Every structure is written in structure tokens, then in C-alpha cells.
Amino acid sequence: MPSMKAIKRRRLTVKNISQITKAMNLVATSKLQRARANKAAVGKPVQATFDIVYNTVGDERALEQPFVKPRAVKRTAYVLITSNRGLCGGYNSNVCKMLAKYVKDSDTQPVFLPLGNKGRDYFLRRIVAETRQPATWDEEGRYYDPSGKLRMIDAGTPSETPNFAEAKKAADKLISMYESGEIDEVKLVYTQFFTVLSLEPIIRQVLPVRPDYLRRVVGTDLKAGEEWEDLGFFPKPEAKGGAAMAQEVEFDSGIAEVLRNVVPWYLSMYLYAAMASSALCEQAARMTSMDSATKNAGDIIEKLTLMFNRQRQSIITQEITEIVSGANALQ
Amino acid sequence: MAEVVSDKKIELRVIAPTMATDKSPYKFQKSVDMVIMRCTTGDMGILPGRMPVSAVLDSGVLRIFDEEASNQESQMVVLGGVAHVSDDILTILSDAAYKPDEIDTAEVTAKMKEYQRLCDAASDFNEKTAYRKDIHRCQIQLDVAGTAGK
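If you read the sequences in order, they're chains A and B.
Residue 69 in our numbering sits at position 69 of the first sequence; the count goes up by one each step and never skips.
Residue 47 in our numbering sits at position 47 of the second sequence; the count goes up by one each step and never skips.
If you're looking for bench data, these hints aren't it; they were derived computationally from the structure.
One or more hints might be untrue.
[Stated by the list, open to error] Sample of chain B residues facing chain A (criterion: CB under 8 Å; computed from the structure):
id	residue
1	Arg13
2	Tyr26
3	Ile36
4	Thr40
5	Thr41
6	Asp43
7	Gly45
8	Leu47
9	Met51
10	Val53
11	Ser54
12	Leu93
13	Val144
[What the hints assert, rightly or not] Pairs of lysine-lysine residues, derived as DSSO-like cross-links and limited to a Cα-Cα distance of at most 30 Å, are as follows:
id	chain 1	residue 1	chain 2	residue 2
14	A	Lys5	A	Lys69
15	A	Lys8	A	Lys74
16	A	Lys303	B	Lys128
17	A	Lys44	B	Lys128
18	B	Lys9	A	Lys169
19	A	Lys15	A	Lys101
20	B	Lys128	A	Lys173
21	B	Lys8	A	Lys44
22	A	Lys8	A	Lys31
23	A	Lys168	B	Lys128
24	A	Lys236	B	Lys133
25	B	Lys9	A	Lys168
26	B	Lys30	A	Lys168
[Stated by the list, open to error] Covered stretches of chain A (in silico footprint by chain B; criterion: 3 or more residues with CB under 8 Å from a CB of chain B, positions within the stretch not fixed):
id	segment
27	40-53
28	248-255
Please read these numbers as outputs of a predicted model, since none were measured by experiment.
Here a beta-carbon is modelled for each residue, glycine too, at the ideal position from N, C-alpha and C.
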């Protein structure tokens, strides 16, 4: 049994920690509102971008174009969106573990582009443990392992609130690598927000653009048996149907040129929206985990108080017993 | 001045992701009669009933005509992007689209001078071309801001 002094000290520590977690909970709650507004603001631009991309790649002539035509996949780039800071429950570890498992089961060579320190540190640690060599970065921020394989691309540390310029920077990097053949596929790994208590890590293919998949995402002219795929960015659109579906799009400067400009936009917007979704999830996860931490701290304080009172009582009882027995001995 | 005869309207939506808020997701949204935009292949006018078209935008002025505003031409600066028309909706995606009152002429002039200095100092042809493009972009902004101020 710890001494009374030790219990008192521990109770004070827990109390201080609970004050911190409570403050963090309040901060996360207020940031959650802002993150929710940010994500809502992204909805329409994303939907409009997806519509345009779908109208472009839905054309038969697009199927032979570089960003649409599937190629043999040797290297897959995974854009991993996590937070920069911890204390947000399982938010970071869930998405990292899911990706680690996915990569293990995949046949292609993974190249990570982490947006967020936690994800970068997680995979960097794993790669270093595997190669037993410290990570060395070249001038362009790329990390090749000792066997010369490209393992990771540094895209810097993103800011806490999603920023289109950062998304665009990462997207431009990916586009140039895709064009030069350094990577053959791009997948986006982030956390989708359903409710504050329901956050789901997911992996979505972004490049090459798949017209069939986009049709399901856009959802305006689904084929029979197809279901709309909810990305969580915008509500289900109304089906156009009929004549609107059959309209052929004219390409002012040729389909290749239009795609060359539309696809980087698509990638930037998708990344931006995923960053907004992940930022919202981070705050939601932090809010719930800090709430439960505060509750747990309250429980611990209660237990410690009980333990402290019991000890005090036992000391008092012992002293009374000693006094009584001492008095009895004097009689 | 372009004369507009159709009573149908075209909805112009300019999307600049950095400007979006949950209350107004578009940078600019209005039902108008005609829009003339600067594409990489030249100017393109969009009227209601236009068949679907996708175009790549060059840096230039977006000219907007609205009968309700006495057919007065209003302008916007769009520095590149993508435009798409379908179902009488013209969507413009651009992360650099400014209304005349948003242009800070002093700042743009300072930037332009800086680009001019860098352009004069550059020896590489590609570098010079890139700076000339930047200067051209600044010039467009100044022209539009100047026209609006008159």
C-alpha cells in the first residue's frame, strides 16, 4: 500500500493531467466546428471538378490518353494523410496499420508520399528497421534504400488546416513522377468522416483515372446495377438520365491538352478534399479521446481519494485503538 | 458592345478552392447572358444553349455580359485554369481568379517591377520566357483594375 503522501501526490498529478485533457477537449471541439466548415466548403468545388473530369474521361478518345490508359504497375505511390501531432486516439495508427497491411498483401513496390509527420515517422521507422541503414534523402527530397529502390518522397510538413497550395504542390510532384514513369499508379490513403464516433481509414485509387469508377463517384448517370459511391465530400446528386447523358463534349484545344490540365486539378482537388476530411477526423478523434481521458482521470481521482480516506481512517482507528489500549493498561 | 437576343441565361460559376467557404462555395456565381473567355486557342464566347465544351484557359480577362445590368460588361482576371460548359452551366476552375476590386495595384506593380528586374538579369531563354509570362499576368491585372477604376 502506497503512503498517504504518495497517494496525495499522485492525485494531484492526475488532477493536473485531467485539466490539460479537458482543455484539449474544448480546443478540439472548437476546432472541429471549423474543420467541419472547411470540409463543407470543399464539397461543391470537388463535385464540380469530378463532373468535369468525368465528362472528359468519359469520352472514348480519352481511353488512349496517358492519365487514363492503364499501364503495367511496378511502383505504386501511396499518399498517406495523417496528423502532425499525437494525442488523438487511434486516428493515426489506424490508417498507418491499415496501409501497412495493404502494402504487405500488394505485389507492387510501394513509394510513400506522407502528408503528416506521424505517417512519415511510422513508415520511415519500418523501412529503416527493414534495411538496417539510416535514411538518406537526396536533394529533391527522395529517399532511396541501399538497393537503390525509391521508398519515400518528402512533401514537407503540411499545416494543420488544409491548404490548397500544399495539395497542389504534392499533386504536381506526383504528376511529374507519373509522367516520367517513376510511378505507375497513385493511391490516396486517408480517413473518411461519417460521424464523430465513426471514422474509417480508406484507400482510393486516383491515377490512372478510371472512367467506370468516376461514373460511380459522380453518380449522375449510373448504369443499371451500379451504386453511387459516397466519398463523403458531397451529397448524392440527382440522376441526369436521357439526353444529357448522350451529349458529346467538344474539346477546344484537343482532348490531350484538356486532360493535361484537368487531371492535375482533379488530383489537387482530391488531395485537398481528403486533407479536409482527415483534418476533421483528427479533431473528432482528439475530441473523443480527450473526453474519455478526462473521464478516466476523474475515475482515477475518485479511486485515489477513496484509497487516501481509507488510509487516513485506518491511521485514526489505529491511534484510537492505541490510546484506548494504553489507557486500559494504566488502569 | 455585344447584343444579346436570347432570353435564356447561362450560369457562370468560378471555382477557386482557396476562396471557398461553407456559405459560398463559389468565388463567383451569377446567371448571365454571355461570357467571353481567353482560351489557349483564342477567345471563346459562350452563349446559352452552347453544346458541351471543355477548354484550357490562358491568362486573360473573363468578360461577362448581363442584360439585367444594362448589358454592361463586367470583368474578372483569370490566370489559367480549365473551363467546362454543359447544361447551360459554365464552370471555371482556377486558383487565380480575381475581381477588379480585389487587385492590389501597388502590390502587383511592385511584383511586376521585380519580375522585370529578374527578367533583365536572366540569361537563360526559358527563364526569361517564364518571367515574361509573369509580367504579362501582372499587366492583365493592372489593366483590369485600371478599367474598373475609371
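- prompt: Of the hints given before, which are not true for this structure?
  reply: Those not satisfied are hints 3, 6, 7, 8, 13, 14, 15, 16, 17, 18, 19, 22, 24 and 25.
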